[in-house]
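J.: Read off the chains here:
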Amino acid sequence: MKTIIFKTASTYLLPLLILFSVFILLRGHYLPGGGFVGGLIASIAFVIHSFANGLEQTKSLIKFHPGFLMPIGLCIALLSGAAPLLVGQSFMTGLWFEDPLPVIGMVGSALFFDTGVYLVVIGVTLTIIFTISETL
Amino acid sequence: MIIAILSGFIVAALIPLLSKFIKSKGSILLPFLPMSLFVYFASYLPRIGKGEKLSFVYEWVPSFGINLSFHLDGLSMLFALLITGIGTLVFFYTFSYLKGHIYLDRFYGYLSMFMASMLGLVLSDNIITLFIFWELTSISSFFLIGFNNDDPKSRKSALLALSITGMGGLFLLAGMLLLGTAGGSYSFQELLSNGNLIQAHDNYGWIILLVFLGAFTKSAQFPFHFWLPGAMKAPTPVSTYLHSATMVKAGIYILARFTPLLGGTAEWNTTLIIVGAVTMVYAAIHAIFRMDMKSILAYSTISALGILVFLIGLGTEESLLAACVFILVHALYKATLFLITGIVDHETGTRDVTVLGGLRKVMMPVAIAAGLAALSNAGAPPFFGFIGKDLIYEATLHFGDWAYLLTGAAILTNICLLFAGLLAGYKPFAGNLPAEFSKVHLPHPTMWVPPLILAVLGLVFGLFPVLIEKNLIQPVFSSLTNNDTLIHLKLWHGFNVVLGLSMLTLTLGVLLYWKLKPSEALFGKTLKFELFSPQTIAMLFGRLFSEFAKLWTGFFQNGYLRNYVITILGFLTILLGYRLYQGVNFYVDTAKLTELTIYEVIVVLIMIISIIFTVFSKSRLVAVASLGVIGYSICLIFLFYSAPDLAMTQFSIDTLTVILFVLVIYNLPKYKTFSKRRVRVRDGILSVFFGTLIAILTLEVLSEPLNRETSIFYAESAYILAKGKNVVNVILVDFRGLDTIVEITVLVIAAIGVFSLLKLRLKSIEKE
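Those protein sequences? They're chains A and B, same order as listed. Quick note: the first sequence uses the numbering used here, first residue 35, plus one each step. Quick note: the second sequence uses the numbering used here, first residue 30, plus one each step.
Next up, chain B with everything else stripped away, as it sits in the complex:
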């Protein structure tokens, strides 16, 4: 199992090595990866159908309770099959769609990486690994959206998508951690047995809020939906795979997965119903005014995701069944429509539905696929979509007090979706063929066969729902509701209200298609509302944030070394001074101080004189030289107190510092103006304060009882353990050798920094 999940990562890692081979012919081999995975997962179908649940555990970080444990039940199975199945078709499709693209290898790499992450996500039993795979999908999605990396719009969309879904990911992580603490385990199966405990927990509200934020950002729910239309900048295979069939359903997956655990409460259901309903209506209305096929499909995807959230929110057995079926229905027809959009775009060079028409004459099989998908989308009998829509209406109708309102919302949404489906799946192929497209021809079979397969499946499942009822939908339903009620899918329910509503939707939708023609003017009108849209608000927030960051940085990082030093010293002085003033009794133990010798007095006098020189000299060189004198005097003091190692090092360092200073300063022009008196006085006061403070601290430290355990250990063990007599050196090279390695590495980095900064400048000067 672990090989199945990780194979995508392995392939992704190998692809750069085989890049030449893949770009020439090898890419036709790649689709066999998802295909074999599909077969692998499908082979478990009979066992899953019998109600079995399979677990696979591999230890990873057992000390933190993080294991690579995977769990295959109905819900995971449905998603795994979608991921690998649609993955296979998309991999084949890409073969022709991006044929000869210079980054074809890279594209397949990202795609494999995404597939593996998504598989990991839906199969993880451990909620921490689930989060990790969740983030991996966001990251691979970022790369795929930004695939056309020379297009600034594409880069911007990628960044937007990453920041929205990444932010959601962080919320999800917080939620998972809270959940793990509340339930005492990070394993979902173990949590499930503690369900009551968690629902009664104080943090329950926070947990569901955080899980919601994660799911809503990923599944593009209102008000986080706006990254999805932007994500359509990605090549069509990506839009098909990530942004309609699989990745955006990760949020749905999370909600469905956690329904037995967290669901069933008023907070859970009400929030989901409201958010889902708002999203589905809002996005459906948006969809009908668009002209770009991809944009239409993007909004209708958001709307469909809204329907799913809404259904999960209703929380009744009927609605959950409807959700199970609708996941599959939507994946089938939406992936078809996206793939077709890709074909149309690839062959004609436009996706504008107002221009396109009559393409059936030049690409019949594509037109058939599109027509089938549009009909399944419309929910026309006998398509699978019809079953899906019936179940939705049944769920809303039986939902107590709010039945009429909710059913109304569902009908409105479905009408708009039907319209959008016709726009994308029927309009480009109907009517007369414009002359400019008469040369258009059918693409390579690897492009038009995949959508046809998906579209035909939508019809087959509708005619014979029994094919998937027992092995697929039943287990999904069981893992959602956590019980084993038998379900029964059928096409014909007899004449009842639901059928009536279905027909009403169909009629009104077709009527709408007849009346409403999308156009520039109509689209322009909707743009006015963009002013209040969440996207505008989020963008505004983002702008304000970066403005604030600029101000903040400008204030603190002003580039003047003296200001940095003043800030640091001032802050330290205030902090330490306050602490000393507050809680420390100042006390100097005079008995512990040694007698003053004449050498020390002389050295200190020299230091004071050089300080005066440094401060009042009018020449930089004199100031630097007298600073050097101070350094050498300190060396002498070290020597007096028997620290030859320190003295030696201090001596060499001081020498080099003076040399460096001289090198830098020598070439500077003479002082033009001195700092103002006011500034000098301020600096002087600060220095005096800081110096006094450090002196007090040092004296204070002396009067504290000293814990000499460490130094005694080093002194005693230096020869025994490290065979050295110079304790300082032994500490450096042996006891704390690792520190030294890091320190010399830092030194090297500093040197490289100086070198590259100055050399770069040198080169740019030479160029001029």
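In isolation and in its complexed conformation, chain A is listed as follows:
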């Protein structure tokens, strides 16, 4: 499927889709979206790129094995859950900053948790798809 149109399109699609996935992740708390969907969209972005340019290209683009995203994401999710313990509240209590940040909006532990989910989903999807396409 290495047509020139697809190839060119994928180069533009990749950053756009990733940006879109982050957008989906950030708006998740108020509007449709969230870490899970966001993660899926980001992985689709990479998969499209790998279809157009070959797996090796995508891999060199990412620089590290996507599998590493899994533990990182898990840790972020777990830490955001554990953070309330430090201020003496029970596990997974939502903590929020007082004022909204520019662009991102309200920031709280839930957002970090969702980011963790986002990373894990990317890691899992890409690991599975890359491994399968390498092996077969």
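When the alpha-carbon atoms are kept at most 25 Å apart in a straight line, the in silico PhoX-like pairs for lysine-lysine are as follows:
{"hint": "1", "chain 1": "B", "residue 1": "Lys128", "chain 2": "B", "residue 2": "Lys49"}
{"hint": "2", "chain 1": "B", "residue 1": "Lys468", "chain 2": "B", "residue 2": "Lys390"}
{"hint": "3", "chain 1": "B", "residue 1": "Lys519", "chain 2": "B", "residue 2": "Lys499"}
{"hint": "4", "chain 1": "B", "residue 1": "Lys788", "chain 2": "A", "residue 2": "Lys93"}
{"hint": "5", "chain 1": "B", "residue 1": "Lys519", "chain 2": "B", "residue 2": "Lys79"}
{"hint": "6", "chain 1": "B", "residue 1": "Lys788", "chain 2": "A", "residue 2": "Lys97"}
Keep in mind the hints are simulated off the structure, nothing from the lab.
With chain A's structure known, arrange chain B on it following the hints.
T.: Showing chain B alone in chain A's frame:
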């Protein structure tokens, strides 16, 4: 107290960190752990001797009534001293026996763990913690038997021992739970005050049956005895410590401990007498045909355990006293003999009694220890064994109608045991020294001093029983019988029947030793009977079980995805269909359904067309693509019904699924043959049934009154409690955040699974 018990675990946990130090020089420090514990427990002796009972309670899970409560009375004291005392000697002994072994640190770790578990077992007042320590001893025993882990036989024996004692442990747990329910408490002391209540309880029969099964498996009673000879694959210190002096006596301990509570009934006594008597005679006869020193001692240990069960079963004051004394007698001489076996094996490289001889010329102190132990075992005056045997005969002689039969059994057993003792303790050291052993020399003192100490104790206690009578045996006797009758141990009872029987045993035993020479031929003859032995039957059962498991697994886990799906769907269809047919009035509330729109009709039409494509297409890619179309259509339906979150997720998932399918399928060869028509029709029918069923269910659910409490709660509290407006997302990241953590963990595990399975395959292909 808790530190004393747990110190073994703590040391066991620290040992891996200090492994280098222990392997070089540090191991000589380890014996001081049991030694200090011994001193600690011995310091309580005077108080115990005065009839005091000490309790130590630490809360653990108070809401379930499980506390770490420990109770130190005579019986616990005797065992605690045996465990720590023999433990000290065994720890010293190991220092030389396994010197330079690569796993020396590991060995000491297991040994400390075992010692701590065993201490916990005999000191626990709470019967649940008692069970936990009981299991810990089984587990540490498993590790110790399998210590030579490169020997398949050793691994097999370890597994056998674990499965037998572990199974018994489960029975014991069930028994303890029943007992706790019947008596209303898990504390033994509290149960003891409710003794009558328990004996009259409906479940009394079950309780004693379960306790028996636990005790018999642990203490190697017939027909569960066969794991013990196998357990002799372990290094000798282990055989000494676990499989003769302490762990196998855990079953005896349980029986003795529960005698005041559960004992005294006909069921209790008769069962114990029969099982004990069968075991002691059976194992004693087995012992005399063996040639391997360890094997001889293993069977004579089983026989001695049988004697103990038998004595507890007799249940008279005399017999219980005999049991108290015999526990100590046996521990002293049997541990000595085992340690000596270890020395002989270590120095000469064989344990075959037909080959060994004359070793006294090269290792005199060992020979002295062996001789003393053999004499104590034989029950020759003035050894401690003599007192023990006298008490046994006295107990059987005064046992009413069955006195002659029981005494006869006891005499027969003792003759065989005497023979076995001479075989292991006298034969290797007597006679001429074979030339091949002339270079043999005395081992390091840490090896030969321990057995000598034990053997000399056997003589000292015999000469001066007053040393232990008041402080040790009296409290043990009191905790067994629950009364304070004063006992009196003495060597000389005057000329009476008991003395006559003792002399008869001695004479006949020595005569037997003179006449019967163990040999290959004789041993071979006994092997014929193995066909009917419990071991063969148990092994057969085990084989049948694993065959059955293989068939069962082969049938259900056939490896074809389609068969799994068919099984699951078929089962669900039948189950749900039956339920719907039986008890549910099918009813669709048409008024609740919304109007059909043109968009929905179009989407459904698209779905139907793609289904037809999927089913009848001859190419996999077309089938996958049309499946994707169905998925996207479902997304549209979600959108129509205002569930954008679901639609988005469904959309991305479907995209990825199609990609995955394509990746996997793209490289497969073209269909060679289609499934047969018959199979396709069958699958079709099943699918139609299942689909209809789900449709009916969905409609049915709609007509049920809906409890919206939960969803209303989430909708209302999403912003107030979690500051989010997207309820779905708030549920995911906040209300049910813990679920999400687990879910993403599962995802990661799945990914790792795919990764490792495929990568492994990749590597093996590359190798070729």
